[in-house]
Amino acid sequence: MQAEQLKELVVEALDDLKAVNTVTLDVTGLTDVMDYLVIASGTSNRHVKSLADNVCLEAKKQGQRALGVEGEDAGEWVLVDFGDVVVHVMLPATRDFYDLERLWSEPPGSRGD
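One point on numbering: in full-length UniProt numbering, the residue at position 103 of the sequence shown is 103, and numbering is uninterrupted.
Some clues are possibly wrong.
As the list claims (entries may be wrong) - Here are the simulated lysine-lysine pairs, DSS-like style, with alpha carbons at most 30 angstroms apart:
hint, residue 1, residue 2
1, K18, K49
2, K18, K61
3, K49, K60
4, K49, K61
To be verified - Distance windows between CB atoms, simulated:
hint, residue 1, residue 2, range
5, G63, R102, 21 to 27 angstroms
6, M1, V27, 24 to 30 angstroms
7, D32, R65, 18 to 24 angstroms
In case anyone wonders, no lab produced these hints; they're calculated from the structure. These figures come from a predicted structure and were not determined experimentally. Ideal Cβ placement from N, Cα and C applies to all residues, glycine included.
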């Protein structure tokens, strides 16, 4: 499965369980590690975990397995790594604090690095 198809599958899996404010970022110009970053919010710890689980389940149905899943225990921020596509599902307060959309939207060096 191509990265574009996997990204679409991830977004559909998140939408199926009513993820909040799903954003997809094409980061091919910023890193060689991944092509897409998908960020979504859940309304509770349980919702965050369920969203991440559904992403893994739907991907598995299509023969795609996550390389790693982190953060399921706490449920404030769950990362699902598919290699070319990395998914972050967070509580809104956690998402606001880390502001990954801004971080991954700025070209290297634009923050004075």
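Hints breached by this structure: 5 and 6
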